[in-house]
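Trainee: Residue numbers (our numbering), protein chains in the order written: chain R, 150 to 548; chain D, 150 to 548.
Incorrect hints may have been included.
Since copy identity is lost for identical chains, a pair holds within one copy or between any two.
[Said to hold, decoys possible] Pairs of lysine-lysine residues, derived as BS3-like cross-links and limited to a Cα-Cα distance of at most 27 Å, are as follows:
id, residue 1, residue 2
1, K434, K392
2, K434, K538
3, K385, K364
4, K434, K151
Please keep in mind that the hints were generated in silico from the structure rather than gathered at the bench.
Here's the letter readout for the chains.
Number of protein chains: 2
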Amino acid sequence: MKAVGIIVEYNPLHNGHLHHAQQARAESGADLVVAVMSGQFLQRGEPAFVDKWTRTQMALDAGIDLVIELPYIYATAQASDFAKGGVALLDAIGCESFCFGSEQGQIAPFLNSLQLLTEHAAEYQAFIHEAIQTGISYPKSLNNAYLALTGGQPGFADLTQPNNILGFHYLEAAQRLSSSIKPLTIQRIGANFHDPITVGLPIASATGIREAFFKGNSVEELSTYMPESSISSLKKAEKEYGKFGSWEQFYPLLRFTILREGPENLKLYAEVTEGIENLIYQSAKTADSFEIFMSLVKSKRYTRTRIQRMLTHIYTGFTWQTLHSFQLPSYIRLLGMSEIGKSYLNHKKKNISLPLISRAADLSDSMGKLDIHATTMYLQGMESVHLKKEFTTPPIYRG
Amino acid sequence: MKAVGIIVEYNPLHNGHLHHAQQARAESGADLVVAVMSGQFLQRGEPAFVDKWTRTQMALDAGIDLVIELPYIYATAQASDFAKGGVALLDAIGCESFCFGSEQGQIAPFLNSLQLLTEHAAEYQAFIHEAIQTGISYPKSLNNAYLALTGGQPGFADLTQPNNILGFHYLEAAQRLSSSIKPLTIQRIGANFHDPITVGLPIASATGIREAFFKGNSVEELSTYMPESSISSLKKAEKEYGKFGSWEQFYPLLRFTILREGPENLKLYAEVTEGIENLIYQSAKTADSFEIFMSLVKSKRYTRTRIQRMLTHIYTGFTWQTLHSFQLPSYIRLLGMSEIGKSYLNHKKKNISLPLISRAADLSDSMGKLDIHATTMYLQGMESVHLKKEFTTPPIYRG
Chain R
150 MKAVGIIVEY
160 NPLHNGHLHH
170 AQQARAESGA
180 DLVVAVMSGQ
190 FLQRGEPAFV
200 DKWTRTQMAL
210 DAGIDLVIEL
220 PYIYATAQAS
230 DFAKGGVALL
240 DAIGCESFCF
250 GSEQGQIAPF
260 LNSLQLLTEH
270 AAEYQAFIHE
280 AIQTGISYPK
290 SLNNAYLALT
300 GGQPGFADLT
310 QPNNILGFHY
320 LEAAQRLSSS
330 IKPLTIQRIG
340 ANFHDPITVG
350 LPIASATGIR
360 EAFFKGNSVE
370 ELSTYMPESS
380 ISSLKKAEKE
390 YGKFGSWEQF
400 YPLLRFTILR
410 EGPENLKLYA
420 EVTEGIENLI
430 YQSAKTADSF
440 EIFMSLVKSK
450 RYTRTRIQRM
460 LTHIYTGFTW
470 QTLHSFQLPS
480 YIRLLGMSEI
490 GKSYLNHKKK
500 NISLPLISRA
510 ADLSDSMGKL
520 DIHATTMYLQ
530 GMESVHLKKE
540 FTTPPIYRG
Chain D
150 MKAVGIIVEY
160 NPLHNGHLHH
170 AQQARAESGA
180 DLVVAVMSGQ
190 FLQRGEPAFV
200 DKWTRTQMAL
210 DAGIDLVIEL
220 PYIYATAQAS
230 DFAKGGVALL
240 DAIGCESFCF
250 GSEQGQIAPF
260 LNSLQLLTEH
270 AAEYQAFIHE
280 AIQTGISYPK
290 SLNNAYLALT
300 GGQPGFADLT
310 QPNNILGFHY
320 LEAAQRLSSS
330 IKPLTIQRIG
340 ANFHDPITVG
350 LPIASATGIR
360 EAFFKGNSVE
370 ELSTYMPESS
380 ISSLKKAEKE
390 YGKFGSWEQF
400 YPLLRFTILR
410 EGPENLKLYA
420 EVTEGIENLI
430 YQSAKTADSF
440 EIFMSLVKSK
450 RYTRTRIQRM
460 LTHIYTGFTW
470 QTLHSFQLPS
480 YIRLLGMSEI
490 GKSYLNHKKK
500 NISLPLISRA
510 ADLSDSMGKL
520 DIHATTMYLQ
530 GMESVHLKKE
540 FTTPPIYRG
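Make the full structure from the sequences, and use the hints.
Mentor: Put into C-alpha cells, the structure is as follows:
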C-alpha cells in the first residue's frame, strides 16, 4: 500500500482543504492519504477554533485515512521547526511522498531553490544575519537574503508567498532528515491566506471562515465554503463547548498569567526575546480585550504571528529551556483512521520507525506529556469541565 | 496625643470587632485607635470577602481613626510573622499600647508565658522539633512543646486557644523588636472563631457571617450581628463586583495556575513543602470545585489554613525566594483616616520611623510592589475591569 502525506491544521476544514486532499491522492497515485495535523494550538500561535478531536472527525469525513497529531512543540513553532516535525512524522509512518499546496504550483522551482541555497548556505546565512541586524522581521530578512542570492533570475520559487515559504521548509526538512520521501505540490486555488470570504466563490480561507463565525454568521451560512460534514462537526463542537476557541475567549486566563508572572519571568518562555517582556506586561495591565492588547504589542519588528506564538508559550508555561530539550519527534500519536488507514497500520506495523500511540496514557516521555498538558490548558480556556478528555477520547475510527 | 493599636482583618467588620475597638480605646485611655489591617489576602490564606477599601470604610465608620495596610508578606504569613509585621507597624507609627482580643482576657498569664519561654528558649525549640518529627501539625507541635514546659501549672496563658496563640505572638514580636509598646488584652465575647451564626446572640464570627452570605442569606438578615455601616459597605461592594471574594470564586484561576505550573514549579512557591506539590497538582486535575479540591489535599499533617496559605502564594506567584528576601516593614501604607487620625499624623509626622505612603505610585520597593501586585491578582479573581484601582483610590478620609 502506497501512502501520500499532507501537513494540515483544518482550523476548520473547508473546500480548499478538500481539494488539497483529493489532489494529493490523484497526483501521487497513492492508496491512502495520511494527515499530520496540529493539536490544540496552531502555527500562528492561536488556540484552535475547535478541539483536535472535532478536527480529526472533519478530516476523516473529508476522506483522510490516517490523522496523526503534530506535537505541540512543532505545531506552535516557526516554519522550519513546524516543517521538521511534520515531515519527520510522514517519513516515520512510511509515506512515499508528501504534497503541499503552494502559490507556485510546480515542484521544479522549489528543487532549484533548495539546490541553490544548499550550495550557498554560508552566504545565505550571512545575508539573513545582515538583514535581521537592520531591525526587520525574520520572515522579511529571509526573503531579502533569498532575493540577494537568486538575483531575480527565473526558475526559482517565489518565496514572498506564504505557502511557498512553508513548502520550501518542507523540502529543506526532508533533505536534512536524509529522507527519500518525494515532494509534490499543487496549485492553491480560490482564496489567499488572510482573505475574508468572497461571496460567489466556493473557496474561502480558514481565517475568513473563523472571522465570519465571530461576526455572528451562522454555521449554515458557511455551507458554500465547507463540506456538510465539517458544518455538522462544528455544530457538535458548538453544542459541547458553547463557544469556539480564540484568543479573545482565552484572554482572561492569558492576562492573569502575564500579570502574575511579571516581566522577569516572562523572559523565560519560548520565543520571548529582547525586551518585549516589558511591553507584554505593561499592555496586559491596561488592555481589557485581546484585540486592544495586540494593538499595543504589535510593531514592525514583530509580526502578529510571532507575538501570538510567544503568548501561546506564556499561556501553556512552555519555556526556552524545554524548547531546547527536544529534537525529533519521539512517537506517532494516532488521532483517527479510516478502514484503509487501519489496514495500512496493520500491514506496515513493523516498518513504522516510531512507537505508535493510541492512548494518552501511553505518552510517557516529556514531548508527549507536553501534548497532554497543552490539551488541559486548552480545555480550561474553553471553560470545559472535562479536563481529562485527553484520556477518555480514543482514536476516532470511521469504517 | 496617645494612640492604641489593634491588628485586624475585618473580613467583614461585625459587632465583635466594634466591641474590641471600643474596649481598646477604653482600656488604654488613648485618644485614637490605629488599626493595622490585612490587604486583599488574609491570614487564613484566603482572598478577602470584600476589598481592602471597603473594609477600610467599615473600620472608619466603626470609629477607627487610622487604617494602615499590613503588607502582603505579613498578612498571609503564619502567626509569628503576621504578628511581627503588625506590631512593627504599630510601633513605627508611635502607638503607646496595643490591644488584642483573647480567650484568656488578662495580660498577666501572657507575660508569665513569655518570660518562661524566653528563659527556656532552647528547651522549647527542642520540644517543638521533636513534636514535628512525629508528623503532627506545626500549631499542635507548638502546643505540645508548651505544655511540656509549663507542666500544666496555673498562671500561664492557655495556648490551645486560637486568639491566645496570636496574642502570645504579638508579645513575642514586641519583645524581639525591643519595642516599648505596652500589650493589653480584652476578653473575646460571644462567638468562637469558626462558629456559625447563633440566632439570638448579637455577636457572630466573621467566618459564620461569610458562610451565611454564601448560603444566600441577604445582607439585611445579618444586621443583628453587624453595625448598619458595615451592611451598607457590603451592599456597595456587592453592587460594584456582583460577588464576594472566596476561593470558590477564585478557583478557575487558581486551578489553571496549578495545572499550568506543574509539580516541579509548585515547589518554588512560599509555604509549599515536602512533597505536597504532587498532591496539589493531582487534586487540581480532578476537582471541579474548590471544596472538592480542599477535601483531596487536606490531611492530618497540614491544616486547611496552612494549605490555603500555600494556595495564596501559588495564586499570586509569591516564591520562597521572595519570602526570604524580606525582614521588617519598610513603609506605612495609609488606607484611611478620621479627623483625629489626620491631626495625629500631622502632629506626629517627624516621629514616625517609616515613610508614610498615601499613593500606590510611591510604593517603590519590592515589598510595596508586592502589595500592588496582590491587588491586581485579587481584582482579577473578582473579575473586576478596574485592575488599576490601586492607583486610582486615595486614602479614605472620614471627617
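Trainee: It remains to establish, for every hint, whether it holds in the given structure.
Mentor: The hints, checked one at a time:
no., hint, verdict
1, K434 <-> K392, "both (26 Å within a copy, 22 Å between copies)"
2, K434 <-> K538, "between (33 Å within a copy, 11 Å between copies)"
3, K385 <-> K364, "within (19 Å within a copy, 36 Å between copies)"
4, K434 <-> K151, "neither (54 Å within a copy, 42 Å between copies)"
When held up to the earlier numbered hints, the structure conflicts with hint 4 and nothing else.
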